[in-house]
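Chains as they are written, first to last, in our numbering: chain A, 32 to 402; chain B, 32 to 402; chain C, 32 to 402; chain D, 32 to 402.
Please note that a few of the clues may not be correct.
Remember, identical chains collapse to one label, so a pair may be satisfied in a single copy or spanning two.
[Said to hold, decoys possible] As a list, the in silico DSSO-like pairs of lysine-lysine whose alpha-carbon atoms are at most 30 Å apart:
1) Lys-207 to Lys-187
2) Lys-242 to Lys-156
3) Lys-148 to Lys-242
4) Lys-102 to Lys-156
5) Lys-207 to Lys-298
6) Lys-207 to Lys-156
7) Lys-102 to Lys-148
8) Lys-242 to Lys-298
9) Lys-298 to Lys-187
10) Lys-187 to Lys-242
11) Lys-207 to Lys-148
12) Lys-148 to Lys-187
Quick caveat, the hints were computed from the structure, so don't treat them as lab data.
There are 4 protein chains.
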Amino acid sequence: MRRLRMGMIGGGPGSFIGPIHRIAAEMDREIELVAGVFSSDAARSREGGESYRIDPARAYANLDAMFAGEKAREDGIDFVAIVTPNHNHLPAARAALAAGVPVISDKPATATLAEAKELADCVAKAGVPYGLTHTYTGYPLVREARARVAAGALGKIRKIVVEYPQGWLAGAAEGKQAEWRTDSARSGPGGCIGDIGTHAFQLAEFISGLKVTEILADLAAVVPGRPVDDDCTVLLRFENGARGVLLASQIEVGEMNGLRIRLYGEKGGLLWRQEVPNTLTIHSIDGRTEIVHAGGNQLGADAVSRTRTPTGHPEGYLEAFANIYRDFAATLRGESAPLLPGITDAMRGMTFVDTAVSASRDRAGWVPLLV
Amino acid sequence: MRRLRMGMIGGGPGSFIGPIHRIAAEMDREIELVAGVFSSDAARSREGGESYRIDPARAYANLDAMFAGEKAREDGIDFVAIVTPNHNHLPAARAALAAGVPVISDKPATATLAEAKELADCVAKAGVPYGLTHTYTGYPLVREARARVAAGALGKIRKIVVEYPQGWLAGAAEGKQAEWRTDSARSGPGGCIGDIGTHAFQLAEFISGLKVTEILADLAAVVPGRPVDDDCTVLLRFENGARGVLLASQIEVGEMNGLRIRLYGEKGGLLWRQEVPNTLTIHSIDGRTEIVHAGGNQLGADAVSRTRTPTGHPEGYLEAFANIYRDFAATLRGESAPLLPGITDAMRGMTFVDTAVSASRDRAGWVPLLV
Amino acid sequence: MRRLRMGMIGGGPGSFIGPIHRIAAEMDREIELVAGVFSSDAARSREGGESYRIDPARAYANLDAMFAGEKAREDGIDFVAIVTPNHNHLPAARAALAAGVPVISDKPATATLAEAKELADCVAKAGVPYGLTHTYTGYPLVREARARVAAGALGKIRKIVVEYPQGWLAGAAEGKQAEWRTDSARSGPGGCIGDIGTHAFQLAEFISGLKVTEILADLAAVVPGRPVDDDCTVLLRFENGARGVLLASQIEVGEMNGLRIRLYGEKGGLLWRQEVPNTLTIHSIDGRTEIVHAGGNQLGADAVSRTRTPTGHPEGYLEAFANIYRDFAATLRGESAPLLPGITDAMRGMTFVDTAVSASRDRAGWVPLLV
Amino acid sequence: MRRLRMGMIGGGPGSFIGPIHRIAAEMDREIELVAGVFSSDAARSREGGESYRIDPARAYANLDAMFAGEKAREDGIDFVAIVTPNHNHLPAARAALAAGVPVISDKPATATLAEAKELADCVAKAGVPYGLTHTYTGYPLVREARARVAAGALGKIRKIVVEYPQGWLAGAAEGKQAEWRTDSARSGPGGCIGDIGTHAFQLAEFISGLKVTEILADLAAVVPGRPVDDDCTVLLRFENGARGVLLASQIEVGEMNGLRIRLYGEKGGLLWRQEVPNTLTIHSIDGRTEIVHAGGNQLGADAVSRTRTPTGHPEGYLEAFANIYRDFAATLRGESAPLLPGITDAMRGMTFVDTAVSASRDRAGWVPLLV
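Could you build all of it, start to finish, from the sequences and the hints given here?
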């Protein structure tokens, strides 16, 4: 069974996320990077190709050249990974889908909700797989958490607290990563809420298996002069009546990438933290606290199959990311990968951003989340 | 210099907080328990006196008897500690103050805001000290946190997240402690918000040195049939424009007494957790993280003077509580104890409870906190 | 039931441990400090008495005066607490026992093994209680650990690792506490091994219920010119064949009071750390890890009865110390307190120190521990 | 610059470490796996080749076939990775070196010291690079620790405690991994001491920059009937007089892969734990404790260049392993990679194992480590 061939869009010199997608995609030898448009600038695209050590002829100057060039090859690409800033997600995906090429895309799916709707149409028309890299759902213990909740370990869920604190934008937005994320023309109307709030939102729905139906949003641009939000508080109501709180911030000095989630039900509680991802804490109402270890022998099939090392040998962000690519590869091969985030998550996430931004601006109080 | 003599009101058989007040009051040999009305039932009051090993003649049947009896003695009480359920706080304090006896009271100050106003009048008229046992402000590292914030270590404060998760009321409210706390006739209109939300509110103001000016409250009675709130989310605005989030819950299964607070400013961040109270984490915007240890040699005078053991010898809740009593004793002796919580905290806390309850009920959105 | 009356020997101005004994003794209102010889200097003894707020007439100039004075009173002392440097333990205990007064003593029991033997004779002759304040055995979760091991939770014990790292003597020995501890005339031939190694040794035997039968000791004076050991490695064999390692050091910079112990058996493992004393970690051979919380509802009777606060309200060193005094008070009242460390622990501890010092000096390899 | 081509020896069906070497080698796109003798059984070798998705023609039946076949290709292998059980390390390395093919090998280098000497001769004669995968030295914060110690952050080193607790062999040795590791014919005379003790030994020398000159070893086969050691205590002396303790065990129930190290000098202390590898704790003698974060901006060049993700995005065991391969690739390309473990570490490690086993068997006390 041959490796699937990946083309990359974006990820050129200075990119943070491009090399990470490459490592994640290739980790399990299911996929190899063979081509790309690594930059909209032809010279920089070539430079990008060199950095990945691919055939220079396959470091293309633009999307059309890539889709045409690859179509003409026997060993052409099987799919593209989109790793550009947000505003380029839709154009790239549209071109790929028009060419009948499956897409896996960094999040958020698009810069705006209108774009997301167009994307959904394109995906529907193309009839090829679309994946969205909500990386954190790839962690084995996140899968385990979801499985335990689904199996009723916590009883009916009553309360979810999901937090995503960061501090790297507490000062002026300097450097490529900071600049486009704080520029609404490139990031879309949501700043922090789109960049990391969507991860938190998706994680809460993913683990709980519950949909958010109403929100109350309070977004702020704390750093003076910042054109997008950098600190977000959102109250949530889930479809079963459970209450939730979502906190996301990029101005909390000293916080690194502190995504964490707590779920509480009638019978138990559960805690997971991205920065120490290899343990899961489970409380039961009788007062017991259990620590579940990645790679340990209390885990269900989904977690086990997504673990590469024995217990005590830490896996991290790259391995979680690789699990998303593994599910995407399975989808391309026609196998079942029911937990792969896709166009539904894309629409839910962009609706969440759009609703939060407008409701906060209008001080609208509780509003429904209409996806 | 003789020990101050304490009378206790409440704290009889089955009391959780009475014996804790006694230990805290006596820890530094500044104070000794000598008398009390330990129950409104005379027999139970006697039984309470025996459990504390005090002179049986000084275990009184009612408040009048105690104030009269003690006044008649040369070695009569110097003050009373009120440790009853909330609805008895005002009657007890009123009687003491009317007798010219200083009061230290468990929190919240009263059951209702109207009672708090009456209390404030009584205190003003009596002209004797009144202290409120916001225990957590007694921790040496909370004092240190306050001192560092005041000294500008974090720069201008921008964001405060204070959480008080508990899980012990996730099921039916059984037992003396649970029963009165979930009975609005005894606890007041606030359940969780009064019982622990007030601690979180006061701690945020204490450490930051900032007053809350506006709130948006969302309180719920999650357990079916519960007459008071047991899960609270409150958004805060501070006088300097800083944003805050206050979470308090008594239905988060597995949480014990997880009060914790994070403050973020322009230059740094700070984290303290009640359950591991002997470390304080300080982040600076240059990326450094420092762990400050109780008893260590980076501490300021206020923290040092409230520490009894060398670093690495954990102090806990009782020692923090004792620090409140030490400050109260200092006040009685005419010394300065500027950080002792008192009638101002009482009024702010009850206004917070009252405002949160009514604003949440009315879905009022942001409302001012008018103390 | 009246409070027991305590006289203190040592604990005068500048003492670290005197005030701690006082707090611990009085915490449960079983005991009160009423008299003492707080210093061998009469003026300093008076000063000590004032600091404890006791009757000035009962701050004696010497032991004879105290024992005579107190014997003459109706409300004379019931026992003495010895809190001097090591070399004064025997003289103080001898005098008390000769006067028929029960003794509770700080550890190590004496400065030398020869003295310990004399002490044991005195105790035997006097026929009154003798207690030794191995404080750490007072922690509720240490009691729980012992109970679980005794109940077979770990199966047959195979391996014990006990560590006691400190760093406060990494530099020159300055200040009263450091000076006498590094002076063999006052501390005895053992430095670190006597000061904290004895705690570690006693804790390993206490929790495991097993006696050490052989040791291999490697002690060093790491700081140049130090006349006693400050860094100790001791290999242990227990009576059932289990292997052990005891590490104690006072030159490990940054370590505070890091006593910790791990026990492993055929069926499970267990970990406890003094600096975070309110959790106990239990591993079972099926891969499960459980966190047991102080005050939680999985605890046995011995732990429960020695806990003063609900779960999540941290207790610490002073409360553990108070549990030792509670057991001593029970012994004085004729009640059963089988876990109170006493003259047997004294003899075992001093034999351990003496054997370790001589075996290390002689590079003797494995030697029996002959108590 | 093309990718280097790797042949693998071992790593066939059921192998734990083969797939891990493959992921590590390929992570940075410096290297690709193209060939192998994945098993000494031809059919199983083919099966192994399929699992790695390599050209079936390059899944060879034996070493001779591989070296001949690859030599005949223009795109033949550049080096081999040896991932067999210990007793096959020497034969595989000997064959590769005889063919002039560079070698990277799993540790320990060989099964016996005699074999290691022969290996060293082969390496010397072949004049091609030899690398040894002491994976843990690949962690960025281990590099940082080494750099800080070298820069004098701790002052003169006085004490090192290195521990490697595991529990997976506490019961009967079942399964492929357990079986060969407890069979002296395949693992060599050292069991635990060779399997993980060598890692601990090498890590202590790596971070401290100091050589061990003397040891006192106490090894045991705790599980009845086990032919090799499974629990090891070794006292160390370093060339500068510093004292050390090395603990390694495979019978400590509940321990996973708990490699950890603490170094103490005249001015500071340092702690690193493999299971939470992204933080490093640094104590200074003035009482300060700093937490250094992987990816943070206090790190030196060596750590920074070996980090793939921003701070807060955990990297783990596979990324550390990849750093070893990155250094090996650099060596093959003629670049400097001074921290790559090689034949010197091989000889030191096997001398350590051999000396520990014989000294423990003979109860020899302190013995020199003569490499």
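We went through each hint and held it up to the structure:
1. For the identical chains of this complex, Lys-207 and Lys-187 are inter-copy neighbours only, at 27 Å across copies versus 44 Å inside a copy, given an alpha-carbon limit of 30 Å.
2. Taking CA atoms no more than 30 Å apart as the test, Lys-242 paired with Lys-156 passes inside one copy only; the shortest distance there is 26 Å, against 56 Å between copies.
3. In this assembly of identical chains, the alpha carbons of Lys-148 and Lys-242 lie at most 30 Å apart only when taken from the same copy (19 Å versus 45 Å across copies).
4. Taking the shortest Cα distances, Lys-102 and Lys-156 sit within 30 Å of each other inside one copy (20 Å), while across copies they are farther apart (51 Å).
5. Within a single copy, Lys-207 and Lys-298 get their C-alpha atoms only as close as 46 Å, which misses the 30 Å cut-off; across copies the closest is 22 Å, which meets it.
6. Taking CA atoms no more than 30 Å apart as the test, Lys-207 paired with Lys-156 passes in neither setting, with 35 Å inside one copy and 51 Å between copies.
7. For a Cα distance limit of 30 Å, the shortest separation of Lys-102 from Lys-148 inside one copy, 27 Å, qualifies, whereas the shortest one across copies, 56 Å, does not.
8. Only within a single protomer do Lys-242 and Lys-298 lie at most 30 Å apart by alpha-carbon distance; the minimum there is 21 Å, versus 38 Å between protomers.
9. For a Cα distance limit of 30 Å, the shortest separation of Lys-298 from Lys-187 inside one copy, 8 Å, qualifies, whereas the shortest one across copies, 35 Å, does not.
10. Taking CA atoms no more than 30 Å apart as the test, Lys-187 paired with Lys-242 passes inside one copy only; the shortest distance there is 14 Å, against 38 Å between copies.
11. Taking the shortest alpha-carbon separations for Lys-207 and Lys-148, only the intra-copy value of 28 Å comes in at or below 30 Å, while the best inter-copy value is 53 Å.
12. Taking the shortest Cα distances, Lys-148 and Lys-187 never come within 30 Å of each other, neither inside one copy (33 Å) nor across copies (42 Å).
Figure legend: structure checked against the earlier numbered hints; hints not met, in rising order: 6, 12.
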